[in-house]
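K.L.:
Residues per chain, in single letters:
Protein chains: 2
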Amino acid sequence: MTNIPYKIYLEESEMPRQWQNIRAFMKELPDPMLNPATMKPCTAEDLAPVFCDKLIEQELNDIDPYIDIPQPVLDFYHMYRPSPLVRAYNLERELNTPAHIYYKFEGNNTSGSHKLNSAVPQVYYAKEQGITQVTTETGAGQWGTAMAMACGFFKMDLTVYMVKVSAEQKPYRKAIMETYGAKVIPSPSNTTEVGRKILSQYPETGGSLGCAISEAVEKARQNDNCRYVLGSVLNHVTLHQSIIGLETQIALDKYGIQPDMIIGCAGGGSNLAGLITPFICQRLQGKNNIRFIAVEPASCPSLTRGRYAYDFGDTGRTTPLLKMYTLGSGFIPSPNHAGGLRYHGMNPILSKLYHDGYLEARAVEQSKVFAAAQTFIRAEGTLPAPESCHALKVAMDEAIRCRETGEAKTILFGLTGTGYFDLAAYQAFNEGKMTDYIPTDADLQPGFASLPQV
Amino acid sequence: MTNIPYKIYLEESEMPRQWQNIRAFMKELPDPMLNPATMKPCTAEDLAPVFCDKLIEQELNDIDPYIDIPQPVLDFYHMYRPSPLVRAYNLERELNTPAHIYYKFEGNNTSGSHKLNSAVPQVYYAKEQGITQVTTETGAGQWGTAMAMACGFFKMDLTVYMVKVSAEQKPYRKAIMETYGAKVIPSPSNTTEVGRKILSQYPETGGSLGCAISEAVEKARQNDNCRYVLGSVLNHVTLHQSIIGLETQIALDKYGIQPDMIIGCAGGGSNLAGLITPFICQRLQGKNNIRFIAVEPASCPSLTRGRYAYDFGDTGRTTPLLKMYTLGSGFIPSPNHAGGLRYHGMNPILSKLYHDGYLEARAVEQSKVFAAAQTFIRAEGTLPAPESCHALKVAMDEAIRCRETGEAKTILFGLTGTGYFDLAAYQAFNEGKMTDYIPTDADLQPGFASLPQV
Numbered sequence: 000m001t002n003i004p005y006k007i008y009l010e011e012s013e014m015p016r017q018w019q020n021i022r023a024f025m026k027e028l029p030d031p032m033l034n035p036a037t038m039k040p041c042t043a044e045d046l047a048p049v050f051c052d053k054l055i056e057q058e059l060n061d062i063d064p065y066i067d068i069p070q071p072v073l074d075f076y077h078m079y080r081p082s083p084l085v086r087a088y089n090l091e092r093e094l095n096t097p098a099h100i101y102y103k104f105e106g107n108n109t110s111g112s113h114k115l116n117s118a119v120p121q122v123y124y125a126k127e128q129g130i131t132q133v134t135t136e137t138g139a140g141q142w143g144t145a146m147a148m149a150c151g152f153f154k155m156d157l158t159v160y161m162v163k164v165s166a167e168q169k170p171y172r173k174a175i176m177e178t179y180g181a182k183v184i185p186s187p188s189n190t191t192e193v194g195r196k197i198l199s200q201y202p203e204t205g206g207s208l209g210c211a212i213s214e215a216v217e218k219a220r221q222n223d224n225c226r227y228v229l230g231s232v233l234n235h236v237t238l239h240q241s242i243i244g245l246e247t248q249i250a251l252d253k254y255g256i257q258p259d260m261i262i263g264c265a266g267g268g269s270n271l272a273g274l275i276t277p278f279i280c281q282r283l284q285g286k287n288n289i290r291f292i293a294v295e296p297a298s299c300p301s302l303t304r305g306r307y308a309y310d311f312g313d314t315g316r317t318t319p320l321l322k323m324y325t326l327g328s329g330f331i332p333s334p335n336h337a338g339g340l341r342y343h344g345m346n347p348i349l350s351k352l353y354h355d356g357y358l359e360a361r362a363v364e365q366s367k368v369f370a371a372a373q374t375f376i377r378a379e380g381t382l383p384a385p386e387s388c389h390a391l392k393v394a395m396d397e398a399i400r401c402r403e404t405g406e407a408k409t410i411l412f413g414l415t416g417t418g419y420f421d422l423a424a425y426q427a428f429n430e431g432k433m434t435d436y437i438p439t440d441a442d443l444q445p446g447f448a449s450l451p452q453v
Numbered sequence: 000m001t002n003i004p005y006k007i008y009l010e011e012s013e014m015p016r017q018w019q020n021i022r023a024f025m026k027e028l029p030d031p032m033l034n035p036a037t038m039k040p041c042t043a044e045d046l047a048p049v050f051c052d053k054l055i056e057q058e059l060n061d062i063d064p065y066i067d068i069p070q071p072v073l074d075f076y077h078m079y080r081p082s083p084l085v086r087a088y089n090l091e092r093e094l095n096t097p098a099h100i101y102y103k104f105e106g107n108n109t110s111g112s113h114k115l116n117s118a119v120p121q122v123y124y125a126k127e128q129g130i131t132q133v134t135t136e137t138g139a140g141q142w143g144t145a146m147a148m149a150c151g152f153f154k155m156d157l158t159v160y161m162v163k164v165s166a167e168q169k170p171y172r173k174a175i176m177e178t179y180g181a182k183v184i185p186s187p188s189n190t191t192e193v194g195r196k197i198l199s200q201y202p203e204t205g206g207s208l209g210c211a212i213s214e215a216v217e218k219a220r221q222n223d224n225c226r227y228v229l230g231s232v233l234n235h236v237t238l239h240q241s242i243i244g245l246e247t248q249i250a251l252d253k254y255g256i257q258p259d260m261i262i263g264c265a266g267g268g269s270n271l272a273g274l275i276t277p278f279i280c281q282r283l284q285g286k287n288n289i290r291f292i293a294v295e296p297a298s299c300p301s302l303t304r305g306r307y308a309y310d311f312g313d314t315g316r317t318t319p320l321l322k323m324y325t326l327g328s329g330f331i332p333s334p335n336h337a338g339g340l341r342y343h344g345m346n347p348i349l350s351k352l353y354h355d356g357y358l359e360a361r362a363v364e365q366s367k368v369f370a371a372a373q374t375f376i377r378a379e380g381t382l383p384a385p386e387s388c389h390a391l392k393v394a395m396d397e398a399i400r401c402r403e404t405g406e407a408k409t410i411l412f413g414l415t416g417t418g419y420f421d422l423a424a425y426q427a428f429n430e431g432k433m434t435d436y437i438p439t440d441a442d443l444q445p446g447f448a449s450l451p452q453v
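Line by line, the protein sequences give chains S and F.
Residues 0 to 453 in numbering that gives the first Met the number 0 are what the first sequence spells out, letter by letter.
Residues 0 to 453 in numbering that gives the first Met the number 0 are what the second sequence spells out, letter by letter.
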């Protein structure tokens with residue numbers, strides 16, 4: 000364990016050329032996605048008008064343990080991957096802990112997060128199928144930017160429905176997407192039926208992610224050469240994100256490092272699922288005893304306080320039903336909630352792993368998250384996204400526990416993105432204006448009441 | 000030349016442990032810095048009230064070819080360095096050129112540029128001397144952010160005088176600096192005599208970089224435990240930036256790559272000087288025949304149209320006199336000028352190399368720069384700072400020339416920073432609102448008239 004550098008980069012020749020499919024390693028699969036019209040498992044035909052064929056194949060694939068990454072996707076991955084696996088020596092010194100802390104940093108690409116890992120293959124497969132346009136939605140803009148980058152590279156038409164209030168508050172996020180050639184439409188808009196309907200009812204609305212999703216899906220359905228793409232939650236997104244964990248595993252193996260625990264923030268869950276993929280697959284085969292910890296905000300506690308039930312993936316209640324830990328599609332996070340991780344549900348694979356006891360979950364309050372982040376930022380130099388700070392908060396708690404017990408545990412966490420686009424939250428923290436919110440059981444009732452009867 | 004990866008990262012053990020001092024390799028040194036009060040060469044004593052001792056020693060050192068990088072500086076460098084040397088395969092394909100294009104990307108750290116390379120040692124040396132506070136100025140915020148990161152790490156008090164109009168237009172840049180613990184004061188302020196004087200004369204002023212420098216220097220002079228730090232132009236900054244070129248040289252040597260030309264943008268010049276350091280030192284010894292090209296905006300053409308003369312380093316005319324190519328400290332770039340590279344002068348080392356014929360210079364118009372950037376961005380996925388786009392414009396011109404001549408030249412350029420903080424300029428370009436400005440000879444006269452009589 001000596002001479003481990005600050006950052007481990009893989010050589011290009013060492014990089015993974017396949018994604019890993021967790022579902023092929025699960026003894027018991029998550030319950031299938033249901034078509035809400037029939038209440039029967041979704042078929043490829045059900046999904047074909049919305050998603051492109053190859054992604055549907057991946058979505059439903061629970062057989063193949065590994066799936067080849069196409070060469071054009073590797074050509075793009077090689078421009079920004081491998082991401083560094085960082086040994087947090089300076090943070091360890093600051094915390095005076097015997098623990099060894101590692102983090103995998105996904106923020107060093109222009110989109111600023113791990114989302115790009117799935118945007119690239121999604122656009123590539125659409126292009127390969129002869130699709131000429133794709134649509135998607137974006138809130139804060141990270142997924143929209145990732146899609147704009149992928150579409151700029153593959154020369155594909157992209158329409159991004161951006162939540163109107165975000166488009167107004169973050170004009171530069173819109174400018175980045177446009178620089179890559181994307182068309183950005185503030186949502187609700189008059190380009191879709193659902194948008195026109197909402198605008199006529201609420202002409203002053205700032206929009207919502209649920210509405211933007213509905214517009215993007217409707218737009219994709221209008222045109223046979225157009226498909227919709229989604230950045231989280233689904234199985235095929237989890238598959239693509241396995242690149243994070245695979246690179247991490249190769250990097251650790253090079254230096255003979257075995258993590259004792261792996262920690263990640265969980266909103267939709269695709270980043271955490273991707274980070275843990277190779278390790279949890281080993282665990283499912285009885286080959287390791289690593290602890291896996293999902294960290295979520297106390298204000299949006301889908302794993303720690305949600306129900307394991309079938310629910311819609313979107314607030315507009317238009318998607319197939321997913322079996323997952325959920326607060327109900329009617330749950331709305333408190334307005335003082337900073338950053339992402341505000342999704343009502345959770346990746347169905349992670350939900351199943353949690354349900355079966357392979358995954359732990361912890362909910363943390365945002366003011367404590369930002370206080371930990373301040374220490375991290377000054378010691379390690381990198382400004383992370385608030386989402387990522389949830390993971391580092393728990394990693395630091397564990398490292399501090401090691402200081403108390405004297406154990407030299409190896410702690411790995413995922414640092415999913417840059418904080419450049421969340422400075423309003425940092426500013427609120429710096430100025431002492433950040434508050435916490437923990438919903439009461441009564442606060443959660445309306446969300447649970449919105450769960451469909453299955 | 001086969002099997003060159005998309006990105007070359009050095010192993011930590013391969014990284015430079017010394018900076019290289021160009022001046023020790025020059026047959027003829029640049030003319031010395033003059034004290035404007037005496038018109039004699041500046042001594043260490045002249046500079047001691049403003050700069051810390053070790054930096055003055057480096058500033059005046061024209062003997063030692065290599066200078067050790069202190070271990071605490073390496074501890075910080077290792078968190079964000081090496082920066083990647085990227086082979087632009089996708090850009091080459093897009094341009095259909097036989098040229099081999101490489102760029103060294105310095106934007107993957109939170110400050111967003113190469114400036115951090117000098118901020119870290121400057122803060123370290125101040126701390127080592129027992130200094131407890133440092134002051135500096137910042138315009139757009141890259142240098143201020145780099146200083147905030149370095150001071151956060153070394154636990155040093157930092158006061159940043161930020162041009163008031165920038166502080167108001169870029170509140171999040173202020174928030175980043177504050178997150179690292181810096182105190183940010185919009186300039187002009189009532190914390191200094193010069194600030195109070197300007198405020199009483201022009202209460203509505205948005206401030207200027209010249210004024211912010213004057214405030215930061217005055218603040219440093221007020222207190223014996225305080226020193227001022229500067230991010231460009233000076234010899235010690237050039238020394239620290241040599242890390243860029245040294246890493247590049249090691250990476251190229253690993254794969255047996257010999258560049259035919261090295262291209263960099265030049266504002267104050269420290270980035271370009273740093274990039275070319277080991278290569279120009281070889282050239283000065285007759286060991287290579289590389290072409291070195293400085294690229295500057297047509298609207299601020301200090302090398303291509305300036306005078307080689309002694310001039311003040313700041314618009315406030317308070318600094319020592321530097322012999323350099325200059326448009327005169329009274330020169331003010333046109334308001335339509337996007338991004339940085341708006342400095343009236345040029346690094347004295349580069350000025351001397353240009354004067355002696357070792358360096359070429361080219362001036363380019365910004366609308367053409369952004370048009371080239373659009374192609375680069377979509378092919379290579381990375382959004383660069385407008386400054387950096389000046390270098391890529393000329394690199395792409397040279398690559399297109401290779402397409403015409405059939406020559407497979409090896410072109411290396413410096414991509415100094417991220418474009419995250421310059422999206423207003425990209426937006427103007429996307430919306431067709433960007434204009435060019437080439438000063439007439441008459442336009443340059445007031446600047447030249449401001450040159451001191453030496």
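Calculated from the structure, these hints are not laboratory results.
Please note that the accuracy of each hint is not assured.
No copy labels: a pair is met if it fits in one copy or bridges any two.
Calculated cross-link-like contacts (lysine-lysine; reagent style DSS-like; alpha-carbon spacing at most 27 Å) [stated by the list, open to error]:
hint: 1; residue 1: K154; residue 2: K367
hint: 2; residue 1: K182; residue 2: K432
hint: 3; residue 1: K154; residue 2: K6
hint: 4; residue 1: K286; residue 2: K169
hint: 5; residue 1: K6; residue 2: K196
hint: 6; residue 1: K286; residue 2: K53
hint: 7; residue 1: K432; residue 2: K154
hint: 8; residue 1: K432; residue 2: K163
hint: 9; residue 1: K169; residue 2: K432
hint: 10; residue 1: K39; residue 2: K26
hint: 11; residue 1: K6; residue 2: K253
hint: 12; residue 1: K169; residue 2: K154
hint: 13; residue 1: K367; residue 2: K182
hint: 14; residue 1: K182; residue 2: K169
hint: 15; residue 1: K169; residue 2: K196
hint: 16; residue 1: K53; residue 2: K26
hint: 17; residue 1: K196; residue 2: K26
hint: 18; residue 1: K126; residue 2: K53
hint: 19; residue 1: K126; residue 2: K253
Since the structure is predicted, the reported quantities are computational estimates derived from the model, not experimental observations.
K.L.:
Hints first: check each against the structure and report whether it holds.
P.N.:
Hint check:
no. : hint         : in the structure
1   : K154 to K367 : between (43 Å within a copy, 22 Å between copies)
2   : K182 to K432 : between (36 Å within a copy, 18 Å between copies)
3   : K154 to K6   : between (34 Å within a copy, 23 Å between copies)
4   : K286 to K169 : neither (46 Å within a copy, 51 Å between copies)
5   : K6 to K196   : neither (52 Å within a copy, 49 Å between copies)
6   : K286 to K53  : neither (32 Å within a copy, 55 Å between copies)
7   : K432 to K154 : between (44 Å within a copy, 24 Å between copies)
8   : K432 to K163 : both (25 Å within a copy, 24 Å between copies)
9   : K169 to K432 : both (21 Å within a copy, 20 Å between copies)
10  : K39 to K26   : within (22 Å within a copy, 82 Å between copies)
11  : K6 to K253   : both (12 Å within a copy, 19 Å between copies)
12  : K169 to K154 : within (25 Å within a copy, 33 Å between copies)
13  : K367 to K182 : between (38 Å within a copy, 23 Å between copies)
14  : K182 to K169 : both (15 Å within a copy, 26 Å between copies)
15  : K169 to K196 : within (25 Å within a copy, 37 Å between copies)
16  : K53 to K26   : within (25 Å within a copy, 64 Å between copies)
17  : K196 to K26  : neither (46 Å within a copy, 76 Å between copies)
18  : K126 to K53  : within (11 Å within a copy, 58 Å between copies)
19  : K126 to K253 : neither (36 Å within a copy, 37 Å between copies)
Of the hints listed earlier, those the structure fails to meet are numbers 4, 5, 6, 17, 19, in rising order.
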